[in-house]
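Sequence lines, in order, name chains A and B.
When we follow my numbering, the leftmost residue of the first sequence carries the number 1, and every step to the right adds one.
When we follow my numbering, the leftmost residue of the second sequence carries the number 1001, and every step to the right adds one.
Any given hint could be a false lead.
[Unchecked claim] List of simulated lysine-lysine pairs, DSSO-like, C-alpha gap at most 27 Å: (1) B:K1067 <-> A:K9; (2) A:K193 <-> A:K3; (3) A:K9 <-> B:K1034; (4) B:K1067 <-> B:K1003; (5) B:K1067 <-> A:K3; (6) A:K189 <-> A:K141; (7) B:K1031 <-> A:K3; (8) A:K242 <-> B:K1024; (9) A:K182 <-> A:K193; (10) B:K1031 <-> A:K242; (11) B:K1035 <-> A:K9; (12) A:K192 <-> B:K1035; (13) B:K1023 <-> A:K248; (14) B:K1067 <-> A:K189; (15) B:K1035 <-> A:K182; (16) A:K3 <-> B:K1024; (17) A:K182 <-> B:K1034; (18) A:K182 <-> B:K1003; (19) A:K242 <-> B:K1067; (20) A:K182 <-> A:K242; (21) A:K242 <-> B:K1023; (22) A:K182 <-> B:K1031.
[Said to hold, decoys possible] Short derived list, chain B residues pointing at chain A, Cβ under 10 Å: (23) G1029; (24) D1030; (25) S1032; (26) D1044.
[What the hints assert, rightly or not] Coverage of chain A stretches by chain B, computed from C-beta distances (three or more under 8 Å per stretch; other residues unrestricted): (27) 23-33; (28) 69-78; (29) 179-185.
Honestly, the hints are just simulated from the structure, not real lab data.
Glycine included, every Cβ here is placed at the ideal spot set by N, Cα and C.
Chain residues, written in single-letter form:
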Amino acid sequence: MEKIFGRSKGLTDVPFSFCPGCTHGTIMRLIAEVLEELEIIDNTIGVSPVGCAGFSQDFFSCDFVGAAHGRAQAVGIGIKRALPDRMIFTYQGDGDIAAIGTQHAIHAAARGEKITSIMVNNAIFGMTGGQMAPTTLEGMKTTTSPYGRDIETTGFPIDLPRLVANLPGAVYVAAVSVDSPKNINQAKKAIKKAFQVQMAGLGFAFVSVLSTCPTNWGISPVDSLQWLRENMMPVYQMGELKVTEEVKSL
Amino acid sequence: MAKVNVLSEYCKSCGLCIAACPKKILAVGDKSNKKGYFTIICEDQEKCIGCALCATVCPDVAIEVYK
């Protein structure tokens, strides 16, 4: 018998430290497999932020740099400019890239920085205990919005990929999900494209991945996927939001 | 002939693979790993078709599939 599925070389042997059922691990697997398929593990430097995504340096077998909260893209851009032949990616949660790090996401896209950013959107601050994030849905209960998010006082959720897609420097922007095997495979294609864009030096590539947080949502891992499908997917625009002509011809 | 192999030290018993398996042959076992999770087992290896849906959805990359 031949092994048709196993742990990617892009991952270390360290078991993920996430809660049971957290789809952070699925997204990390996809990135690791893409690094392996494109044969860029040794040439890649990842940048980890603060939050659950901050553990990522333990799990990827490529080089990693830790950044301050929200600053992963700023650090990544610095490395890319100093070492332009390396592949740079940032792996950030929504509480990092869509809150304290929004300006870096916007300006990286505006300047067309040649890095790849992966955003993991679970509509909540996961690591700190389930507080309301800018991506929290209207009416969604969190520890800091116990009666549900009130848009009168706390505003509307930010759909970061749509914001970024408006900027000319962003050449590839996709919003995907990891709730089903089909969507997981589509997410992998989008992540692969985002790395190919950087390899071709075309510009800023951004992939937002809808993820679950069973612990802080307070529902089981299987029900979390259903909750994501029913509540998050209608709010956040899905699919490839921006693919320039150059990217299409890759 | 196909086979699933659960890497028990990686498994956290979240149950996503149980929900994804089209043949419904995966279940929570009665042995725990070092972290205390009762890990997933394959109850009927003969019925496995090697579709790898369990491994695709596994967030802890704890499943190997052979075919």
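Going down the list of hints, with the structure as the test:
As the CA atoms of K1067 (chain B) and K9 (chain A) are separated by approximately 20 Å, the hinted pair is consistent with the 27 Å bound. In summary, the hint linking K193 (chain A) to K3 (chain A) is supported, as the alpha carbons are separated by about 26 Å, within the 27 Å threshold. Note on K9 (chain A) and K1034 (chain B): the hinted pairing holds, with a Cα-Cα distance of about 24 Å set against a maximum of 27 Å. Restraint check: the Cα-Cα separation between K1067 (chain B) and K1003 (chain B) comes to about 6 Å, which is no more than 27 Å; the hinted pair holds.
A C-alpha spacing of about 6 Å is found between K1067 (chain B) and K3 (chain A), which places the hinted pair at or below 27 Å, so the restraint holds. In summary, the hint linking K189 (chain A) to K141 (chain A) is not supported, as the alpha carbons are separated by about 33 Å, beyond the 27 Å threshold. This hinted pair checks out: K1031 (chain B) and K3 (chain A) have alpha carbons roughly 25 Å apart, not beyond 27 Å. Proposed proximity of K242 (chain A) and K1024 (chain B) is contradicted: the alpha carbons are some 39 Å apart, above 27 Å.
In summary, the hint linking K182 (chain A) to K193 (chain A) is supported, as the alpha carbons are separated by about 17 Å, within the 27 Å threshold. A threshold of 27 Å between alpha carbons decides the hint, and for K1031 (chain B) with K242 (chain A) the separation of about 48 Å lies outside it, so the pair is violated. Our distance criterion of 27 Å between C-alpha atoms is met by K1035 (chain B) and K9 (chain A), whose separation comes to about 24 Å. At most 27 Å may separate the alpha-carbon atoms for a hinted pair to count; K192 (chain A) and K1035 (chain B) exceed this at roughly 33 Å.
Using a Cα cut-off of 27 Å, the hinted pair K1023 (chain B) and K248 (chain A) is violated, with the two alpha carbons roughly 38 Å apart. At roughly 24 Å between alpha-carbon atoms, K1067 (chain B) and K189 (chain A) fall within 27 Å of each other, so this suggested pair holds. For a cut-off of 27 Å, the pair hint linking K1035 (chain B) to K182 (chain A) is broken: about 31 Å separates their Cα positions. In summary, the hint linking K3 (chain A) to K1024 (chain B) is supported, as the alpha carbons are separated by about 21 Å, within the 27 Å threshold.
A C-alpha spacing of about 32 Å is found between K182 (chain A) and K1034 (chain B), which places the hinted pair above 27 Å, so the restraint is violated. Simply put, K182 (chain A) and K1003 (chain B) have alpha-carbon atoms about 22 Å apart, close enough for the 27 Å limit, and the pair holds. Pair hint K242 (chain A) plus K1067 (chain B) does not hold up; C-alpha atoms about 38 Å apart against a cutoff of 27 Å. Distance check on the hinted pair: K182 (chain A) and K242 (chain A) sit about 21 Å apart at the alpha-carbon level, within 27 Å; holds.
Between the alpha carbons of K242 (chain A) and K1023 (chain B) the distance comes to roughly 39 Å, so the proposed pair goes past 27 Å and is violated. Proximity of K182 (chain A) to K1031 (chain B) is assessed by CA-CA distance (about 31 Å); at most 27 Å being required, the pair is judged violated. Using the Cβ-Cβ criterion of 10 Å, the hint placing G1029 (chain B) at the interface with chain A is not satisfied: the shortest such distance is roughly 15 Å. The criterion of a C-beta within 10 Å of any C-beta in chain A is not met by D1030 (chain B), whose closest approach is roughly 17 Å, and the hint is violated.
Residue-level restraint check for S1032 (chain B) is violated (minimum Cβ-Cβ distance to chain A is 13 Å; threshold 10 Å). The interface hint given for D1044 (chain B) is broken, as the beta carbon of that residue sits about 17 Å from the closest beta carbon of chain A, more than 10 Å. Counting residues of the segment 23-33 of chain A whose beta-carbon sits less than 8 Å from any beta-carbon of chain B gives 5, enough to reach three: the coverage restraint holds. Figure legend: the segment 69-78 of chain A, annotated as covered by chain B; annotation inconsistent (0 residues with Cβ-Cβ distances under 8 Å, at least 3 required).
For the segment 179-185 of chain A, the proposed coverage by chain B is satisfied: 4 residues have a C-beta within less than 8 Å of a C-beta in that chain, meeting the threshold of three.
In summary, the structure is inconsistent with hints 6, 8, 10, 12, 13, 15, 17, 19, 21, 22, 23, 24, 25, 26 and 28 from the numbered list given earlier, while agreeing with the others.
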